[in-house]
Amino acid sequence: MTSARRNSVSVSSPPQSIPIPHGGAVNVPVTSPSFGSPPSARSPFAAGTSPIQAFFAAGGITHNTLPGTSPSTGGPGQSSNPSSVYRAPRHLQPLGSEEIKILLLENISADAVAYFKAQGYQVHHYTKAWTEEELLEKLGDYHAIGIRSKTKITEKVLKAATKLLVIGCFCIGTNQVALKAAASAGVAVFNSPFSNSRSVAELVLAEVVCLSRQLTDRAREMREGVWNKVSKGCWEIRGKTLGIVGYGHIGTQLSVLAEAFGMQVIYYDVVPIMPLGSARQVDTLPELLSQSDFVSLHVPELPETKNMIQAEELSQMKDGAYLINNARGTVVDLEALASALESGKLAGAAVDVFPKEPGSNGPGFNDNLNPTFSSRIQKAPNTILTPHIGGSTEEAQRMIGAEVSSALSRYLTYGTTVGAVNFPEVDLRAIAAEDERHIRVCHIHRNEPGVLRAVNEIFAEHNIEKSASDSKGDIAYLMADISDVTKEEVHALHAAIQNTKANIITRLLY
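Numbered by UniProt numbering, the letters in the sequence shown go through residues 1 to 510 in order.
One thing to keep in mind: the hints can contain errors.
Here are the simulated lysine-lysine pairs, DSBU-like style, with alpha carbons at most 35 Å apart [what the hints assert, rightly or not]: (1) K345 x K379; (2) K229 x K240; (3) K472 x K306; (4) K379 x K318; (5) K356 x K138; (6) K180 x K128; (7) K128 x K501; (8) K128 x K138; (9) K101 x K156; (10) K472 x K159; (11) K180 x K152; (12) K487 x K472; (13) K501 x K138; (14) K356 x K318; (15) K306 x K150; (16) K128 x K101.
Here are the computed distance ranges between Cβ atoms for each label pair [claimed, not checked]: (17) K487 x G120: 17 to 27 Å; (18) A495 x R398: 34 to 44 Å; (19) E224 x P363: 48 to 58 Å; (20) R220 x G344: 13 to 23 Å; (21) R220 x E357: 19 to 29 Å; (22) V256 x A114: 29 to 39 Å; (23) R280 x E236: 20 to 30 Å; (24) M274 x Q122: 44 to 54 Å; (25) W227 x E357: 32 to 42 Å; (26) N447 x E134: 46 to 56 Å; (27) E137 x R398: 23 to 33 Å; (28) G239 x L215: 15 to 25 Å.
Calculated from the structure, these hints are not laboratory results.
Keep in mind that this is a model prediction, so the values were computed, not measured.
Using N, Cα and C, we set each Cβ at its ideal position, and we do this for glycine too.
Working from the sequences, and respecting the hints, build out all of it.
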């Protein structure tokens, strides 16, 4: 770990003003709402399961509710109801004067760009993904980066990005980031587990209808001047069985939509999950495959899900069934799928994701990118191929932009890691505006014995107002608010903590 990384510090930004139900306003960090209301039971198949805090609970703003202030006036001691008491949080300042620079790639929502600029950050926005060479050359100047699915943040890139504090994946998946290496470097990674679930679910349902009516083949024939009015092999979807593999945020929404169309829904997941509506969980994947007219996959990219649908699984499906993969490109053996389509075993398929995808729009999806199967699946009958557009709607991109930019801002400003996919999730109530001699310590360190003892010895000369710590694998995270710290003591305190043996990154906000 280089000294440049150990000395990294964060620039704070002002929170937004949120109206109080009783009048007035409180400055609070933006938190995205929960989308989809998925079941509480989660599994590796239920992609994107990090919790999101709700602002309003029992009439109060949970993240920033502090004792001793009336919600109507902000004056001390004017409310007898502790849950309705507010004190405005203080705008924390960083230890250091370097301006935060944020790099946004892959045409991330303009709303996210505007949000970061409103926070006072310096934002550089590009429409395309960057290659590893470009990242190695330029990422070292940035404290935060926002990407979608095409930019790859490798361990090599992370080692070169000595100022980097946080990565925002403006999508559900995080397999484009070396998560373990990022955690070891003290770089938190956030994603958007909720915001595009509706868009993906709607796309799947549209594909179900298109496949059952052979719409893409009929549309292609009409463009070629061929009139081919047929009903053979064309079906209503009412009464058909949809099998969902992975009953998470997307799977549950798809389940509800499919039932509204009159479909029967069964699902398979690796843990028991309470169904929505009349859906029914089955015990095994072969059981689902053998009963379903349509099979839709909604699982993350894991070692357990790589090639989970191969020739053997395809043979277990009904003759004339349909397969839909809007999950990850490594989940389905596309050579085996092409063979099943060519032989007539399957009546159709829809594929939105591929093992390798072009880095930019334009020509490039061919056998050079995905040898042996691209041309075969392009020629397969009744097959819908789309360029990874499951979450590509205006609504989804706006919500993703809001969700991820809010998470990055909360981390940079307050140190909050709630929702991080590679970090322990730690949060503290905001420091009140009038607590002028309070500082917040954000200490990322290796998960080794004796760290807290060493840090507490450093804190011994000060009063710890509140603290929280947690660990995840080899990484641990401590947040502590310390009172009665003078400006002269701040730098010495920072130096002492970052010189502890297990230190990765220590940030002080005051």
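Taking the hints in turn, this is what the structure says about them:
1. K345 x K379: 16 Å, holds
2. K229 x K240: Roughly 23 Å separates the two Cα atoms, so the pair holds.
3. K472 x K306: 25 Å, holds
4. K379 x K318: The given pair, whose Cα atoms are some 22 Å apart, holds under the 35 Å limit.
5. K356 x K138: 25 Å, holds
6. K180 x K128: 25 Å, holds
7. K128 x K501: 40 Å, violated
8. K128 x K138: Cα-Cα ~15 Å, so holds.
9. K101 x K156: 21 Å, holds
10. K472 x K159: 21 Å, holds
11. K180 x K152: 14 Å, holds
12. K487 x K472: 33 Å, holds
13. K501 x K138: This hinted pair holds, its Cα atoms lying about 30 Å apart.
14. K356 x K318: 29 Å, holds
15. K306 x K150: 19 Å, holds
16. K128 x K101: Since the Cα atoms of K128 and K101 sit roughly 18 Å apart, the hinted pair holds (cutoff 35 Å).
17. K487 x G120: 17 to 27 Å: 22 Å, holds
18. A495 x R398: 34 to 44 Å: Between A495 and R398, where Cβ atoms are some 43 Å apart, the hint holds.
19. E224 x P363: 48 to 58 Å: With a Cβ separation near 21 Å, E224 and P363 fall outside 48 to 58 Å, so the hint is violated.
20. R220 x G344: 13 to 23 Å: 19 Å, holds
21. R220 x E357: 19 to 29 Å: The hint (19 to 29 Å, Cβ to Cβ) holds, given that R220 and E357 are roughly 23 Å apart.
22. V256 x A114: 29 to 39 Å: Cβ of V256 to Cβ of A114: about 33 Å, so the range 29 to 39 Å holds.
23. R280 x E236: 20 to 30 Å: 21 Å, holds
24. M274 x Q122: 44 to 54 Å: 46 Å, holds
25. W227 x E357: 32 to 42 Å: 35 Å, holds
26. N447 x E134: 46 to 56 Å: For E134 against N447, whose Cβ atoms are near 33 Å apart, the range 46 to 56 Å is violated.
27. E137 x R398: 23 to 33 Å: Holds, at about 31 Å.
28. G239 x L215: 15 to 25 Å: 19 Å, holds
The earlier numbered hints that this structure contradicts are 7, 19, 26.
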